[in-house]
Each structure stands twice: as C-alpha cells, then as structure tokens.
Amino acid sequence: MIDLALDILSWILLTSGGVFVLIGGIGGLRLPNFYTRIHAASLTDTMATLLIFIGIILQAGFTLASLKLFAIMLFLLLTGPTATYALANAALLSGLKPDTGTAKDKTKENAPE
Amino acid sequence: MIYIFALFLLTLLVITAIAIVRAEDLFVAVILTSIFSLLMAINFFILDAADVALTEAAVGAGVTTVIFLCALALTGDQEKPQKQGQKVALVIVSILALVIIYSTFDNPQLGDPDAPVHQHVAPWYLEKTPEYMDFPNVVTAILSSFRGYDTLGEVFVVFAACIGVLFILGVSPPRKAMQVSVKKSGLRHHLIPQVVGRLLIPFIVLFGLYTQFHGEYGPGGGFQAGALIATGVILYALLEGEAEALRAVPRRVLLGMVVGGALLYGSVGVVCMLMGGAFLDYSVLAADPVWGQQLGILIIEAGVGMAVCGALLSIFHAFAARERVS
Amino acid sequence: MTFLELLGYFNYWVFAILLAVGLYAVISKTNLIKKLIGLSIFQSAVFLMYITMDKVEGGTAPIIQAGVENPVFSNPLPQVLILTAIVVGVSTLSLGLAMVVRIKECYGTIEENEILDAD
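If you read the sequences in order, they're chains A, B and C.
Mapped onto my numbering, the consecutive letters of the first sequence carry residue numbers 1 to 113.
Mapped onto my numbering, the consecutive letters of the second sequence carry residue numbers 1 to 326.
Mapped onto my numbering, the consecutive letters of the third sequence carry residue numbers 1 to 119.
Keep in mind that the hints were calculated from the coordinates and are not lab data.
For glycine and all other residues, C-beta sits at the position ideal for the given N, C-alpha and C.
Incorrect hints may appear among the rest.
Below, a list of computed lysine to any residue pairs in the SDA-like style, where the Cα atoms sit at most 25 Å apart [what the hints assert, rightly or not]: (1) C:K35 to B:I4; (2) C:K35 to B:A97; (3) C:K35 to B:F207; (4) A:K97 to B:G85; (5) A:K68 to B:F167; (6) B:K128 to C:N113; (7) C:K35 to B:A41; (8) C:K35 to B:F5; (9) C:K35 to B:I92; (10) B:K80 to C:N113; (11) C:K35 to B:E131; (12) A:K68 to B:R198; (13) A:K68 to B:A19; (14) A:K68 to B:V14; (15) A:K68 to B:G111; (16) C:K35 to B:F167; (17) C:K35 to B:I35; (18) C:K35 to B:G164; (19) B:K128 to C:G59; (20) C:K35 to B:R198; (21) A:K68 to B:K128; (22) C:K35 to B:A248; (23) C:K35 to B:A61; (24) C:K35 to B:K128; (25) A:K68 to B:G164; (26) C:K35 to B:V205; (27) B:K87 to C:I115.
Simulated DEER-style distance windows between Cβ atoms [said to hold, decoys possible]: (28) B:V117 to C:I64: 14 to 22 Å; (29) B:T11 to A:A90: 40 to 48 Å; (30) B:V121 to A:G25: 43 to 51 Å; (31) A:L67 to B:L12: 44 to 52 Å.
Footprint (simulated), chain B over chain C, 3 or more residues, beta carbon under 8 Å [claimed, not checked]: (32) 8–14; (33) 55–64.
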C-alpha cells in the first residue's frame, strides 16, 4: 500500500518536473529578450531540479543512493542560480541593456487606428 | 524504452553538430561543442560505459571548453564567411557518409551477444579479473594491469603534449611571475561567484580524490580524478585571478607532478622487472600475487592522476599567462 | 527488415553522419579554430561507434557485484580503448590550439587563405 502511494507520488513529481522543463524550454525560445530568457532558464534550474530529484529519491528509498542524489541536488541548486547570475552580470557589463519597450511600442503603433 | 531516449539523444547530437559547423561566431561554436560533449557523455552512459561517460564529461565538457575559451581570448572570435569550395566539400562528405551507411548494414545489430567483438578476449578478462585481482571494476583492471603498457604510452602522450605546449607558448622564468601578480585580475569584485566558488572548491577537490581512490570499486580512476582536480584549481584561478592560483599551486609543483607521475608509472614497471617478473607484471610486488596486483594498480593510478592533473593545469596556465597580441 | 532491426543500426548511421559533418568542417572551413572543432566532432563520432559495439542486450556496466547470479556484462574492452583515446584527443587538441595562438601572433590572422597569401 505504501509502495503504491510512493509510486503515485513519484509519478506526480516527475511529471510536473517534466512540465516545468517544457515550460522553461518554450520560454527560452519564445521570449523576446536575453534577460527574460534567463528567467525561463532559471525555471529549469530550480523548480524542475527540486521536483525531479525528490521524485527519484522517493523511488530510491532509504539507501546510500538517495544520499548521493540529495548531494547532487544541493550542488545543482547552488551552482545553477550562480551561473544565471554570472551570465546576467556579464551581459550587463558588456553593454547589453535590458530592453523595456518592445511590446509597448507595438501597441503604440496600433493605438491610433 | 530507454532506446527511444537514446534515439532522441542521437538526433539531438546530429542537430548540435550541424549547428556547430554553421555557427559563425566562434564563441557560440565552443559553447555548443561543450553541449555536444555532454550529450555524448549521456549517450555513453546509456550504452553501459560508465567510466567512459565520466571521462568524457570531465575532460570533454569541462577541460576542453576551458582550453578553447582561453585560445579564443587570445585570437579573434569571429569567423570570416568563406566564398568557395563549399559545394565540392559537401558532395565529397555526402558520398563518404552514404558509403559508410551502406557498409554498416553488415555490422552486427546493437546489443547482439553473438557479435565477434564479444567472443575472444573479453569473456577471458571478465572471468580472470576476480581470480587475478579480486576487485569489482573490470575496466580499471584491464586499463591498469592487463593492458597496462598502453596506459603507460598514454601517460607519456599527455606528458609530451604538456611539454609541447610549454615549448610553444614559452615557459616564463620566475622573475616574470612577480610582475604578473601586480595586475589585478579575476572576479574579485563579484561577490556571488566568489562565495559559491569558495564553498564548492573543497568539495570538488575532495570528490576528485574520492574518484581517484575509488576507481577499483566503481567508475573512476586516474584520468577522471586528474581532470576533476584540475577543474577545481581552474575554478580557483578564474575566481581569484591567475597569480593567486599560481601562488597556491606553483609552476614548479605542476612540472614536478607531470614528471613525477610519468616517472612513477615507469619505475613501477622497472621495479617489477628487478623483483623477477616481466615489465609491469605487478604480481611479484608482494608475497600474495592478488595483493601485489592491487598495490601496483594503486600506485600507477596515483601516477596517472598526478600526471594528468599537472599537465592540464600547466596547459591552462600557459594559455592564461599569455598576453594578447593584436 | 522490421522497424526494430532498423533501429539497431541507428547508432551506426549517426556515426556516419557525424563523421561527415566533422570532416566537412575540417576540409571546407578556412578558420583554423573551426577546423579544430570539426576534428573534435570527428573524434567523438569514432568514440560513439566503438562504444556502440560494446553494448550487450540486457547487460549492465562491467562492474562485478558480489551476490548477483549469472550476470550479463557489456564488453569492457572498447571502453578501455576509448578512455585512452579521449585523453589523447584532448592532448592533441591543446597542442593544436597552442600552435594556432602562435600562428595568430606571427601572421596576424587565423584564416587559412590569408595565411597562405602572406607566405
């Protein structure tokens, strides 16, 4: 009984982790700007990592493997946002300015009509 | 089921390779190469090659990218568009690909246990490893003991590459190193990478040491460990500046590691000869042949790890210390 | 041939395509660093072919675990060869990049046609 509950919980966690990865991927392609795309990538870094790894840890049970998985999850959670920060900082320092006007400009063009 | 995942990964590999060739910005091409290496490492893992996946991830996706980026910082990073010769090259490589695809129909199917490659020597290795060496990882047993001579050659190739790079890019004498330390470099004014890096570097080096000594019981061994420890020190060099990294692990120590690693490996072979066995026959190193084999493998893996770590770090410092000539 | 049999050859076809892509980069691009990147793709394709040959149906990684009856292992021999080949590949790559850096310092450019014109 408890096995079935663990299985169902793992299924839910893994599937929602996959959904977050998909959303992150679609965001990385469709969002207009570099800085907004970093937001989409960071979604994969944090949310998907947490969900997928907890799903796998539930499957692995109480063994050494789940400790190793926990350590890997901590490592990814620590280095992913750092990499995102380094990317955004490097972009800002090299002159890429956050673009605030794309969507607003289009509505301004359509407004007089 | 896992084969569908493997198919997807292989298609992604081909798409990445075509994107690499078509990218005109070389920086983009180098980052895509590191993604290519990572996809290749996952593919190796699906095909049951755990040691090779670890090596490809550590060396291919890690160290190769760093060396490429160092070289890109010294040369330009835009590629000029080319004007001629594309169609002929395209025709030639398409014909080559078609010929190879035609010839692969004679290959054995993926996973066929009756393929000729599984017949002659491999079952003998799988049988004799518990008898001669009594530890789990068969790949390490073959690499260090059954085919130890090839690994000796590989250590010497790494050593030769390190010496070659040092010759080509010039070894700076100790006096010049003092001038470099005046310049402020590195990411000192960025707080977040510094804090996270300082947290992580001890664990990276610890994991490298774990991989070194655990190579007999699981995937691991000298090459992966050398690459991991080199990556930890390269991270330190990126964060604190190259001069600090040279103070932490000076050039003489690096050269000593490279030379010492190769010498250690060779001298274990010579000691085996002096104790009555053949060259690199470790069973004569101790009274009990199994313990002799394990002792020999431990020492030479340490030699390999030292040599690879020293060589990769020397190459990195040779690239990083060079000033860009416009 | 059935679809499943065709799938069994897919790895080899990807090897052929990657070989062709890498070779195309080596012979037709004029930038020296692009040539080296193409060479590394070529090498990775060869590694893929060797590791494909070592897989056995239903096998595991060749690590002997105590207490498992009659295990089926994948072939460890190509893995050893490819371990050596990966490290040798990175050595030659670093040597090639060192030479490219020196060529840039001597000639001022790393495009092959400009170097040949300057000679």
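Hints versus structure:
Under the criterion of a C-alpha separation no larger than 25 Å, the hint pairing K35 (chain C) with I4 (chain B) is inconsistent with the structure, at around 32 Å. Proposed proximity of K35 (chain C) and A97 (chain B) is supported: the alpha carbons are some 19 Å apart, at most 25 Å. Taking the CA atoms of K35 (chain C) and F207 (chain B), the gap is near 35 Å; set against the 25 Å cutoff, the hint is violated. For the given pair, K97 (chain A) sits about 40 Å from G85 (chain B) by alpha-carbon distance, which is inconsistent with the 25 Å threshold.
A hinted pair counts as satisfied when its Cα atoms are at most 25 Å apart, and K68 (chain A) with F167 (chain B) does not qualify at roughly 43 Å. With a C-alpha separation of about 56 Å, the suggested pairing of K128 (chain B) with N113 (chain C) is violated against the 25 Å cut-off. Taken as a hint, the K35 (chain C) and A41 (chain B) pair is honoured in the structure, with Cα atoms around 22 Å apart against an allowance of 25 Å. Taken as a hint, the K35 (chain C) and F5 (chain B) pair is broken in the structure, with Cα atoms around 31 Å apart against an allowance of 25 Å.
Proposed proximity of K35 (chain C) and I92 (chain B) is supported: the alpha carbons are some 17 Å apart, at most 25 Å. The suggested pairing of K80 (chain B) with N113 (chain C) holds, with an alpha-carbon distance near 11 Å, which does not exceed 25 Å. Between K35 (chain C) and E131 (chain B) the CA atoms are separated by roughly 47 Å; this puts the pair beyond 25 Å, and the hint is violated. Distance hint between K68 (chain A) and R198 (chain B) is fulfilled; the C-alpha atoms sit about 21 Å from each other, no more than 25 Å.
Of the pairs offered as hints, the one joining K68 (chain A) and A19 (chain B) is violated, with about 35 Å between alpha carbons and a cut-off of 25 Å exceeded. Restraint check for K68 (chain A) and V14 (chain B): the C-alpha separation of about 32 Å exceeds 25 Å, so the hint is violated. Straight-line distance between C-alpha atoms of K68 (chain A) and G111 (chain B) comes to about 30 Å, which puts the hinted pair past the 25 Å bound. The straight-line distance between the Cα atoms of K35 (chain C) and F167 (chain B) is roughly 23 Å, inside the 25 Å bound, and the hint therefore holds.
About 18 Å separates the Cα atoms of K35 (chain C) and I35 (chain B), which keeps this hinted pair within 25 Å; it holds. Between K35 (chain C) and G164 (chain B) the CA atoms are separated by roughly 20 Å; this keeps the pair inside 25 Å, and the hint holds. Using a Cα cut-off of 25 Å, the hinted pair K128 (chain B) and G59 (chain C) holds, with the two alpha carbons roughly 19 Å apart. Taking the CA atoms of K35 (chain C) and R198 (chain B), the gap is about 37 Å. The hint is violated against a cut of 25 Å.
In summary, the hint linking K68 (chain A) to K128 (chain B) is not supported, as the alpha carbons are separated by about 31 Å, beyond the 25 Å threshold. As the CA atoms of K35 (chain C) and A248 (chain B) are separated by approximately 35 Å, the hinted pair breaks the 25 Å bound. Under the criterion of a C-alpha separation no larger than 25 Å, the hint pairing K35 (chain C) with A61 (chain B) is consistent with the structure, at around 18 Å. Straight-line distance between C-alpha atoms of K35 (chain C) and K128 (chain B) comes to about 44 Å, which puts the hinted pair past the 25 Å bound.
Note on K68 (chain A) and G164 (chain B): the hinted pairing is violated, with a Cα-Cα distance of about 40 Å set against a maximum of 25 Å. Between K35 (chain C) and V205 (chain B), the direct Cα distance comes to roughly 34 Å. Violation of the 25 Å bound is thereby established for this hinted pair. Proximity of K87 (chain B) to I115 (chain C) is assessed by CA-CA distance (about 23 Å); at most 25 Å being required, the pair is judged to hold. Range check, V117 (chain B) to I64 (chain C): Cβ separation about 20 Å, and the 14 to 22 Å hint holds.
In this structure the supplied range 40 to 48 Å is violated for T11 (chain B) paired with A90 (chain A), their Cβ-Cβ distance being about 31 Å. Separation of V121 (chain B) from G25 (chain A) is about 45 Å and conforms to the stated range, judged on CB atoms against 43 to 51 Å. For the pair L67 (chain A) and L12 (chain B), the beta carbons lie near 31 Å from each other, so the given range of 44 to 52 Å is not met. Only residues whose C-beta sits within less than 8 Å of a C-beta in chain B count toward coverage, and the segment 8–14 of chain C has 7 of them, enough to reach three; the restraint holds.
For the segment 55–64 of chain C, the proposed coverage by chain B is satisfied: 10 residues have a C-beta within less than 8 Å of a C-beta in that chain, meeting the threshold of three.
Hints 1, 3, 4, 5, 6, 8, 11, 13, 14, 15, 20, 21, 22, 24, 25, 26, 29 and 31, counting from the list given before, are not met by this structure.
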